[in-house]
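Enquirer: Sequence:
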Amino acid sequence: MRPLARGLAFHMLTLFGIRVRIHFTFILLFVWLAVLAPDMGSSALLLTFVVVGLLMSVIVHELGHALMARRFGIETRDIVLTPVCGVARLDGYPKGMVELAIAAAGPLLNLALAIVLFVGLTVAGLPPLGAGAVVDVPSALQWLLVGNLLLFALNLLPAFPLDGGRILRSALSFAMGQERATKVATRLGMVLAGLLGLAALIPWQFGVAFNLFLFLTAFFILVGASRESSLVKTLQVLQGRRAGEAMMTRCERLAPQDTIEWAVRLLLSTTQRQFPVVDGWGRVAGEVDRDRLLESVTRFPSDTPLLELMNRDPLTVAEDCDLLDVLRDLQSPARALWVVRDHELQGMLTADGLSQFVEVCRRLRHRDAGASSQGL
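To convert, take the position in the sequence shown, counting from 1, and add 1067; that gives the working numbering.
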């Protein structure tokens, strides 16, 4: 599986240079386990072992995606763990066989873990599969085996945003193109979400916590499928477009010697939230945003130059840079990219500005398509 708010996830560990974060909603999983624990008749230690083991299995699954992506030159920003899935956030948008290989790597690692556990239990003379409570180490290992088999099987369901949906999309894209293939996979994802939502209304013997899990899974699949559909449409619009086409050329600028007082006055006179700090040669020397300026009002004298508080590492992109290459850097509404030509500032790119550019392009495409059909 694969966007989640970064501020809602906390750093857990780093593996192979990839940060692993845990989402705050993960506490719901522990609430569910706490409800199930009395019925399972398990000790706290063994239950903790199973939980940690399944958590590690999900991490291995996402590392499979991340390390396979690295083989194709695509890095992973981080891995975020939630109660119903793991999300490997890639710095790229793989297609075709590359997407297929990346999507398949995660479930295959879960299958490999299940095989190792099966062989280990069999060699030890213990039944590899069982349906009992977690009462001893063998039963805990049985639960881990079943858990990895479920991770393998569920992720291969042919519906977005599950890995099976990505595999299906990559296979169909050879025959019908990326956009139509995505429509098929996302619609299957929405159908699956609907079925899981209906299943969540049924009083299962596993208790209310299981119904909550089904509901959260359905919600995750529905949101993921909708986002993927929107993302692919955006990628289609931005294909071949350059940063200079989408930038806002009218943006207020500040100089390193400008004071906080002057910057705040400028802030009050415009809706702009990010400001480039430009030197005498027109080069971006730094940047300040609305929050930084408001914070500085109470921390520094009003005549303090911006040179002392600006961010000295602004993100700049060339005017002829492909928009698809900078899309990831605009995920945050508070982020701005400064478009330059020969190091001289030409304009700015923001998430809102890019969304507006995409919407205009979509409407123009729709108009042109309508005109063409009328002409026929």
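Think of the hints as simulated: they come from the structure by calculation, not from any bench. Mixed in with the good hints, there may be bad ones.
[Said to hold, decoys possible] Straight line, CA to CA, 25 Å or less: simulated DSS-like cross-link-like pairs of lysine-lysine:
id : residue 1 : residue 2
1  : Lys1162   : Lys1300
2  : Lys1300   : Lys1250
3  : Lys1162   : Lys1250
No experiment lies behind these values; they were computed from the predicted model shown.
Enquirer: Now tell me, hint by hint, if it's right for this structure.
Expert: Do the hints match the structure? See the list:
1. Pair hint Lys1162 plus Lys1300 holds up; C-alpha atoms about 14 Å apart against a cutoff of 25 Å.
2. Among the hinted pairs, Lys1300 with Lys1250 is consistent with the structure: their alpha-carbon atoms are about 10 Å apart, no more than 25 Å.
3. Simply put, Lys1162 and Lys1250 have alpha-carbon atoms about 15 Å apart, close enough for the 25 Å limit, and the pair holds.
Checked against the numbered hints above, the structure violates none of them.
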